[in-house]
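**Student:** Residue numbers (our numbering), protein chains in the order written: chain A, 5 to 236; chain B, 18 to 284.
Treat the hints with care, as some may be off.
As a list, the in silico PhoX-like pairs of lysine-lysine whose alpha-carbon atoms are at most 25 angstroms apart [as the list claims (entries may be wrong)]:
1. A:Lys130 to B:Lys28
2. A:Lys128 to B:Lys21
3. B:Lys211 to B:Lys279
Hints in this document: simulated from the structure, not taken from any laboratory.
These numbers come from a predicted model, not from an experiment.
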Amino acid sequence: MSNLLEIQGLFKNYDNIQALNNVNLSISPGHITGLLGPNGSGKTTLIKIICGLLRPSSGTVLVDGNPIGPKSKALISYLPDKTYLSNNMTILSVIEMFKDFYDDFDDNRAYEMLNSLNIDPRRKLKTLSKGNKEKVQLILVMSRRAKLYILDEPIAGVDPAARDYILRTIISNYDPSASIIISTHLIADIEPVLDEVIFLQNGYIRLYQPVDDIRANTGKSVDEFFREVYRC
Amino acid sequence: MLGKLIKHEFKNTWMAMVLIYVITIFLGISGAIFFRILNSYEILTESWRAFLNMAGFLGAVAALSALNMIVIIFLVVHYYKNLYSSQGYLSFTLPATATEVVSSRIIVSCIWMLLFYVSVFISITSAIFLMMQLPQLSDLCNSIKEFFDELARSSSLGSFIGFIALLIFSTILSTFANLMQYFFCISIGQLWQKNKILGAVLCYLGTSIVLGIVMGFLNFVNLLLNDSESPNFFFNYMTRLSIHSGVLILIFYFTSVFIANKKLNLD
Numbered sequence: 005m006s007n008l009l010e011i012q013g014l015f016k017n018y019d020n021i022q023a024l025n026n027v028n029l030s031i032s033p034g035h036i037t038g039l040l041g042p043n044g045s046g047k048t049t050l051i052k053i054i055c056g057l058l059r060p061s062s063g064t065v066l067v068d069g070n071p072i073g074p075k076s077k078a079l080i081s082y083l084p085d086k087t088y089l090s091n092n093m094t095i096l097s098v099i100e101m102f103k104d105f106y107d108d109f110d111d112n113r114a115y116e117m118l119n120s121l122n123i124d125p126r127r128k129l130k131t132l133s134k135g136n137k138e139k140v141q142l143i144l145v146m147s148r149r150a151k152l153y154i155l156d157e158p159i160a161g162v163d164p165a166a167r168d169y170i171l172r173t174i175i176s177n178y179d180p181s182a183s184i185i186i187s188t189h190l191i192a193d194i195e196p197v198l199d200e201v202i203f204l205q206n207g208y209i210r211l212y213q214p215v216d217d218i219r220a221n222t223g224k225s226v227d228e229f230f231r232e233v234y235r236c
Numbered sequence: 018m019l020g021k022l023i024k025h026e027f028k029n030t031w032m033a034m035v036l037i038y039v040i041t042i043f044l045g046i047s048g049a050i051f052f053r054i055l056n057s058y059e060i061l062t063e064s065w066r067a068f069l070n071m072a073g074f075l076g077a078v079a080a081l082s083a084l085n086m087i088v089i090i091f092l093v094v095h096y097y098k099n100l101y102s103s104q105g106y107l108s109f110t111l112p113a114t115a116t117e118v119v120s121s122r123i124i125v126s127c128i129w130m131l132l133f134y135v136s137v138f139i140s141i142t143s144a145i146f147l148m149m150q151l152p153q154l155s156d157l158c159n160s161i162k163e164f165f166d167e168l169a170r171s172s173s174l175g176s177f178i179g180f181i182a183l184l185i186f187s188t189i190l191s192t193f194a195n196l197m198q199y200f201f202c203i204s205i206g207q208l209w210q211k212n213k214i215l216g217a218v219l220c221y222l223g224t225s226i227v228l229g230i231v232m233g234f235l236n237f238v239n240l241l242l243n244d245s246e247s248p249n250f251f252f253n254y255m256t257r258l259s260i261h262s263g264v265l266i267l268i269f270y271f272t273s274v275f276i277a278n279k280k281l282n283l284d
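Make a model of the complete structure from these sequences and hints.
**Tutor:** Right, dumping it as C-alpha cells:
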C-alpha cells in the first residue's frame, strides 16, 4: 500500500532559527497519528507546510503522490487551531461554500451533525459561542470524505463534554482508508483513539512508533511516556 | 477555480458594497432636492442662499470623498482579513493556487471600485438633471448637441471621443493602481516576522514618497520636453499617465502574487 503522506529531508528555517530539521515521515492510509511535542517543537510548522500555508526551506512533501498544490489541498481536510471563518457568514452559507469548493463535501452529514448539536444552520457565526464555533468548524472538516485529515488542537479550549463529542465525531466520521493527524497537548484525552504517535523535539522527529509498542516497551501510557521524555 | 473564487468573493462582499452605492446615489438625489427647495423659496436672503448653496455643495463633495474613503478602507481591510488574518487559513487551503486566490481578491476589489465610480457618476448626473428646471434641462441638451455638432463639423469629433476615452481609461488605471498599492503594501508587510501591520504602513509611506517623487519628475520632464500649447499635450500626458499606472499595476500585482506563493507566513 502506497503512503498517503511522504515527507523527505524537510527543513524549515526562520532567520537563524531551525524550525524543522531533516524531517522524514511516511504515513500510510487508515491510521490515526498523534503529533506531539512541547511548544516550539515544530508541530505547527510541519502542519502548515503539509497544508500549503508555508514553504519549506528544502525537502519534499507528497500527499498521495501529489506535491503541495491544489491537488494535495483537495485531499486534505484541515482544522486549524483558530477560527478561520468570517463571523458575518451564516452556517448555511459556509456549508454552501464548502460544497462548492470540495467535491468530497457531504452536506447531509454536516446537517445531521448540526442537528444532533441543536445548532441552527441559519445562524450567523458571530452569534455562536467559542465552543460552538469550534464545533461548527470541526463539523465542516469532518463532513468531507478527505484522504487526510489534519486537526490542530481540536479539543483545546472546550469543556470535557465537548471534547468527548469532538472525539466521537472524529472517530465516527472518518473513512477507514483515510488517515488523521492530530496535534495536541491534551494527550490523555486523545490517547484512546491514537494508533501511532510522533514525538517532535527542536524540529526533528525524536520518536515515531505505534501506541501499542510504546505501551508494551515502556509499560507506560503515551501521556506518562511523553512527560518522561520531555521532563523539564 | 478562479471563477468559483470570484463568485464567492462577490457573495462575501456584495451587501456592504451595494449599500454604499445606494447611499451614494441617494446622496445625489437628496442633495438635488435640497438645492431645488433652497432655491425655489423667497424666504431666504440672497446672501444666505449663496452661503447655503456653497455649504451644501462642499458638504456633498465631502460626503462623496468620505464614501470613496470608506470603499477603499472596506476593500483593503477585507483583503487583509481574508488573506492574512486567521481567515487566510481557509483561503489558502482551498484547492486553488495562491495566484488564483490573490487574483480573485484583487479582481473583485477593482470591479467594486469601478462600480463605485459608476455610482458616483449616476449620483452626480441624476443630481444635475433633478436640479435643473425643464427649460434649463432642454438648454443643456441643446448645448451638448451643438457642441458635438460643432466637433463633427470641424472633424475633431473622433479625437475628442478618443481623448474622453483615454481620460476615462487613464482615470480607471490610476484608481486601480492606487488601490493595488495598498494590497502591495499589505503583502510586503507579510515579510516582517512580527509587526506585519506596521511593516505594511511603513511600506505605504515609503512607496507613496517614492511614487510622489517619480510622478513629480515625470511631470517635470513632460513640461520640459513638450509644448504645453500643443493640441496633443494632454493626449500625450494621459498616455504617459496610463503607461505609468499600468506599470505600477503590474509591479503591485506580481509582487503580491509572488509573496503569497513564496513567502506566505500566517501568524
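**Student:** Quick one, are Lys128 of chain A and Lys21 of chain B close enough, alpha carbons at most 25 angstroms?
**Tutor:** holds, 22 angstroms
**Student:** Would the hint linking Lys130 of chain A and Lys28 of chain B be met if the CA-CA limit is 25 angstroms?
**Tutor:** holds, 18 angstroms
**Student:** Given the hinted pair Lys211 of chain B and Lys279 of chain B, is their alpha-carbon gap at most 25 angstroms?
**Tutor:** holds, 18 angstroms
Every hint from the earlier list agrees with this structure, and none is contradicted.
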